Amino acid sequence: MSYSFTLSRPLQDYARTLREWSTTECRPYARQADEQKGRPENWREILDTAPIPLGRADKPELGQVPTFEDGDWITKLAFYEAINYGDVWVHPTLGGGIGDLVVKALGTPKQVAEWYDPIQQRGGATAFALTEPGFGSDTSMVATTAVRDNDSWVVNGSKMYCTGGAFAEYVVVFATVDKELGARGINAFVVPRGTPGFNVVKENEDKLGIRSWTTSLLEFDDCAIPLENRLGWDVDHPENSVGNGYGGALGALAFNRPNMAALAIGLAQASIDVVTPILKGQQAGFTPQRWSAVERDLEAMNATLERGRRINYLAQVTVDRGRPSRSLAAAAKGFAPETAERVIRRCIELLGPEGVSKELLLEKWYRDSKIMDIFEGSGQVQRIIVGRTLVGGLAG
Amino acid sequence: MSYSFTLSRPLQDYARTLREWSTTECRPYARQADEQKGRPENWREILDTAPIPLGRADKPELGQVPTFEDGDWITKLAFYEAINYGDVWVHPTLGGGIGDLVVKALGTPKQVAEWYDPIQQRGGATAFALTEPGFGSDTSMVATTAVRDNDSWVVNGSKMYCTGGAFAEYVVVFATVDKELGARGINAFVVPRGTPGFNVVKENEDKLGIRSWTTSLLEFDDCAIPLENRLGWDVDHPENSVGNGYGGALGALAFNRPNMAALAIGLAQASIDVVTPILKGQQAGFTPQRWSAVERDLEAMNATLERGRRINYLAQVTVDRGRPSRSLAAAAKGFAPETAERVIRRCIELLGPEGVSKELLLEKWYRDSKIMDIFEGSGQVQRIIVGRTLVGGLAG
Amino acid sequence: MIDLEPDEEQVEIAALARSIADELVAPSARDAEYAAAVPDDVWLKVFETGLVMPVAEEHGGGGVPGPLALLAIAENLGHGDPGIASAALWHAHAALLVGAHGTAEQRSALTRLATDPGARSAVALYEGFGRGPAELATSVAVEGDQVRVRGRKVGVPFAASADPLVVVGTDPATGAVRAVVLPHGTAGVTVVANPGSLALDATQLGAVDLDVTVPVSALLGGPDADPAGLLATVQRLRLLTASTAVGTALRAVEYAGQYATGRIAFGRPIASYQGVSFPLAEAMMRIEAARAELVDVTNAVVADPGGDHGTAVGQAVSYALAVAVQATRDGVQTLGGHGFIKDHPVELWYRSAATLSALDFDPLRDPFQARL
Amino acid sequence: MIDLEPDEEQVEIAALARSIADELVAPSARDAEYAAAVPDDVWLKVFETGLVMPVAEEHGGGGVPGPLALLAIAENLGHGDPGIASAALWHAHAALLVGAHGTAEQRSALTRLATDPGARSAVALYEGFGRGPAELATSVAVEGDQVRVRGRKVGVPFAASADPLVVVGTDPATGAVRAVVLPHGTAGVTVVANPGSLALDATQLGAVDLDVTVPVSALLGGPDADPAGLLATVQRLRLLTASTAVGTALRAVEYAGQYATGRIAFGRPIASYQGVSFPLAEAMMRIEAARAELVDVTNAVVADPGGDHGTAVGQAVSYALAVAVQATRDGVQTLGGHGFIKDHPVELWYRSAATLSALDFDPLRDPFQARL
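Protein chains in written order, with numbering that gives the first Met the number 0: chain A, 0 to 395; chain B, 0 to 395; chain C, 0 to 371; chain D, 0 to 371.
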């Protein structure tokens, strides 16, 4: 078939194994992770039970996610959905954060050698701080400042939703060196933990869901860092500077959007698969008309998740082929997360009060799923991007 | 009951009689009116069969719509729904247009005496021309100009959707005397039929629906009218001018919006009432599960029309009480027309290909109904107005 | 005739409820959730207003507000906090049922509820499966001078402590609605422990398994109670709960609108984007529609308690809850990342509306549809 | 494995179909509607492309495009005009069925269809009532060496003129799908006159009452025809019609987007209002989803013709048509008053999508819901 939405058999097998493992070995810790607001303490041991390589940052020797002929970005979609199917706590434990990836993307060769390569070799946690209390989707509004004071950059400002910020070796902090320059004034700075003035206001924010994801509220109070910590900027040889790279770096993040949509699909599919057998066991309690309506709902929910998967595939195939489509990525992110919310809520409603009880994970997944239509560009932002294919820059 | 959505018995009886009459006597002409793009030639005779007073402009001696304790604006809602239940052709035949009402609203006493009073006494058709090809909802964009040339105003421009414009004795034309002034420069001018330069480009526009409503495309080409035809402006005694009154006049039109919502409800209820017995007769053709779904759809559609009626009542009670709410009027217009479209379409779908056939009126009502979410402020405009109750002037 | 002016009682009671909601209930919402109980001082103050203990004066209460006043109380308390509002109202429901349909002896027991702020009573109504009150599977069977009650109730407030627990079921002999008034500790009442819920923890929801045999005097209104009247009141309880959700929805939309006027993105307050303001405007329209429907259907039930209002009540409840779910969702969405953290109450309203929606859900009336 | 690159045939055929659609079909849309027939010269030119007469070369045709190429043809012609596209495609459907499942004798009759542009054939498939092809009530009963066909078909293209008319039904003895090939003028075929429809008049839709007895040789594929294969092809016909609607939806959204960039209101192009651009963006997302679903389900049907694809096809068709209905509606709404007059084609697409939606509608898969 020259035009097919069917995953290769090896990738199907990998994804199924991953899904079954995350369900069997990881899901039992889901409630605890939610209540304790962190990954289980024995997360390493849990991950060790995986029968397939997961691409763990903490144990690279266990192997990376295999390569499949479907393509790397398609593989990511299958991976994200399957691992999140168990629970949301699992996936963030695999990586050490993305601060080092930002260094790789924005840094000079020297900076990459200093902050990226070691993390690759020995592992380690890094973080990335962009969002502030004063803005979300409009990243040009960065209000955190970095002011040069002789041999230092002095950073001042607040950052929220900084994943792993409280524990990371260093946080890559986006700050403006000149507000007049707007987005062009925004630069990334490596701020090591322990730097005076780097304060963890809240180790883990109090959130509706994804409570096991440690997102920190940070404050930088006259936090002075060396000049060479400004990414992409060579203090001694300015001609070697690679520029702030800000736009491109954030642009590349756009292609992570379908992965986030896949997370949402994983939770929603898990919800359907949890309630379906329960409902079937309770069929006798429904009138025939209502049972028919229940069956129709289940059918419709499965069908709509399939739609979300297909848009994801359409989007990520373009990345694998080197012609990435921002609008398809946006369509993918615009479609599945909102749909997943509805699916999970409907699963809850079909079960009635049993559905909202903490006996089951549905209520947790309902809380977890809400962020997926918000982070990495809200549903509204995605619709702006998709709208541009029709009306150009007027969409906004 | 001190808080009740139930019409008084007399108004219920009046509305039921009106609905039955419009169904029995008027609906049989619906297809013809659509095809011939005009009211039936024997419309006067048809109206003569009404067992209740309709408030006809052509025969005021037959009586006005009675007064009910529910209030005049509530009465209008019941009236519009019931008369449109038969078909859309009926209601516009009752009035002679609204040009004279604009004269009443905007004119000086002398102008009212000249152009309003005679119409009241002897009847006659008048029209109102605001919309232009270049704008719809944004009435501040009036591009038709009126330039003073000695003893005349010289009007130039195009007007569309001018109901009865081709036949009216005069058309009240909105034109700007000074574009720099924006909305404040817009004035209304009485342009009598036969004035040189007043051209009927298209007697009745080719429309998706409401084809029996004669809406004309007009052109004014150096059309010179006397100075005293500018409403609200006293050429001899400027101190007696009452101002252009433009904003207020259009503001008052806002309270007609629930009436238009009632028209939409009338069509949608007629559609449900037409398909329900047909479907019941065909019940044996459906599987029990599908029949249950059909019944559910019918129940849901009736319920949603009831919701539309209640918002209409909420809105118009405020007018009857002298504290008119623009936002409730907008909510009413924002709710029912879009809902009515959906209801009529679903009625068609439930019948299948029989539903789209011209054997029935459903396909016509589907076409007719579309304008109701467009004219007198589109659904989007209504949402802007409702939004203002939450976010003030930022909604826009 | 159409008359949409609330009467003096409704206006006054609504205003009182709103002021209690704003000044007392709303500020205590988080505390009530963390404690899984309404704080004693808050309960006491709400109790003292008399708004949520509809007991006649002869039994020590402040009188029973009219049906529309009760709707207004539910909505306005829900505007403050759906958790505290539900706890207070669901306690009141038992008193409403007993006051309206109880025997003289049963009614005299209301004095305790009316005078002891420590009392907690509840009605065990819901069973899931989309069942309306006329379809309840819990059987209330008169066997000689005994009544046997068997079944499973879910979403029961104060499941472990309610005294009395009024259980609604149907008489297997006639199919008619019946209720029994069970004191706390009645043998055969088994509470299924609930580790907590998505929201409304202050109501202490739980499931209750029943296999109870009690004297016939426990039958609400006695063996000759009018089932139609009882059914009508039970339907009103559903409408009252839906009204709470409407109040919460309104609050969420107001809060989001307020936030949107101050929050800047891409150079403008986000309220100036129609992608932000339209969903809120849509919610306002639907809230008006939902509130009007609750009023209208309540009037219909009151005017003709013997009529069949199952469809109308089902539609009204289903619509109001769906509107609340969507409105509170759009409330969170408007705040974006801020909506997802507990610094703002929108996430609580989001959870609460979904919880209320799950209590009284009928798959026939609200089919799943992904957004088109 | 996932491979979303169309092959050369698909790309070329899609491009050809799009260019025909843009240059020939779209400009003739109004003429076709007024005449209630595709103008002869347009039909001839479309016919000459070979796109819509899928007949093997041995029978004088240009070959049968692959399943996905056919989907692309349907979508792209629908992008031009749904009326002309449907007329051409529904004529082609008879050839598809006969070519895939006919006896040698039946297939040899395709030469006429492949070479005579004046020929009109059709498949009588739909019956209303939400029935899928496996549930058809029209009976095709083999009685000795005769076949008796009884039933009522609705939404039959070229109802009065189709030659042949391929009637799809089920065998009352086995419940399996069967079809018969009826030449024009077969006794017992009664066409119910249709005074016209909401749209698609060029397809000359009508109802047909059947009480026909013909020799067993009229059975498509003969008495031993494989019902599973036939069912699979019939399912694909439904998907092709849905694909036409997706093409129309896309065109409507593109047209509305274009209009919105030029139209000014309140000082700005209306495209800059999210209340205008979001519904169009939403439509684009859903169109992507619908198209992908049609492709995926077509692949599944082709890969396993014996499988049960009723649910998947039903979902795909229902979703695509619902998306088209909403997208074309939003197209009209974007143009406002201009969308309501015939100076612009959006009103035609609005009517056409609703008409297609009514042909193949299942109340179980697309429950009514007022907007929330």
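Hints may contain errors.
[Stated by the list, open to error] Selected chain C positions facing chain B (Cβ under 8 Å, derived; list incomplete):
no. : residue
1   : Pro-268
2   : Ser-271
3   : Glu-281
4   : Met-283
5   : Asn-298
6   : Asp-342
7   : Leu-363
[To be verified] Taking lysine to aspartate or glutamate and the EDC-like style, the derived pairs with C-alpha atoms no more than 20 Å apart in a straight line are:
no. : chain 1 : residue 1 : chain 2 : residue 2
8   : C       : Lys-341   : A       : Glu-202
9   : D       : Lys-341   : B       : Glu-218
10  : D       : Lys-341   : B       : Glu-34
[What the hints assert, rightly or not] Computed from the model, here is a short list of chain B residues facing chain C with C-beta under 8 Å:
no. : residue
11  : Val-64
12  : Gly-70
13  : Tyr-115
14  : Asp-116
15  : Pro-117
16  : Gln-119
17  : Arg-121
18  : Gly-123
19  : Phe-134
20  : Arg-309
21  : Ile-310
22  : Ala-330
23  : Phe-334
24  : Val-385
25  : Gly-386
Hints in this document: simulated from the structure, not taken from any laboratory. No experiment lies behind these values; they were computed from the predicted model shown. Heads up, the beta-carbon is just placed ideally off N, CA and C, and yes, glycines get one too.
Do the hints match the structure? See the list:
{"no.": "1", "hint": "Pro-268", "verdict": "holds (5 Å)"}
{"no.": "2", "hint": "Ser-271", "verdict": "holds (5 Å)"}
{"no.": "3", "hint": "Glu-281", "verdict": "holds (7 Å)"}
{"no.": "4", "hint": "Met-283", "verdict": "holds (5 Å)"}
{"no.": "5", "hint": "Asn-298", "verdict": "holds (6 Å)"}
{"no.": "6", "hint": "Asp-342", "verdict": "violated (21 Å)"}
{"no.": "7", "hint": "Leu-363", "verdict": "holds (6 Å)"}
{"no.": "8", "hint": "C:Lys-341 with A:Glu-202", "verdict": "holds (14 Å)"}
{"no.": "9", "hint": "D:Lys-341 with B:Glu-218", "verdict": "holds (19 Å)"}
{"no.": "10", "hint": "D:Lys-341 with B:Glu-34", "verdict": "holds (15 Å)"}
{"no.": "11", "hint": "Val-64", "verdict": "violated (16 Å)"}
{"no.": "12", "hint": "Gly-70", "verdict": "holds (7 Å)"}
{"no.": "13", "hint": "Tyr-115", "verdict": "violated (31 Å)"}
{"no.": "14", "hint": "Asp-116", "verdict": "violated (33 Å)"}
{"no.": "15", "hint": "Pro-117", "verdict": "violated (36 Å)"}
{"no.": "16", "hint": "Gln-119", "verdict": "violated (29 Å)"}
{"no.": "17", "hint": "Arg-121", "verdict": "violated (35 Å)"}
{"no.": "18", "hint": "Gly-123", "verdict": "violated (34 Å)"}
{"no.": "19", "hint": "Phe-134", "verdict": "violated (18 Å)"}
{"no.": "20", "hint": "Arg-309", "verdict": "holds (4 Å)"}
{"no.": "21", "hint": "Ile-310", "verdict": "holds (6 Å)"}
{"no.": "22", "hint": "Ala-330", "verdict": "holds (4 Å)"}
{"no.": "23", "hint": "Phe-334", "verdict": "holds (5 Å)"}
{"no.": "24", "hint": "Val-385", "verdict": "holds (4 Å)"}
{"no.": "25", "hint": "Gly-386", "verdict": "holds (4 Å)"}
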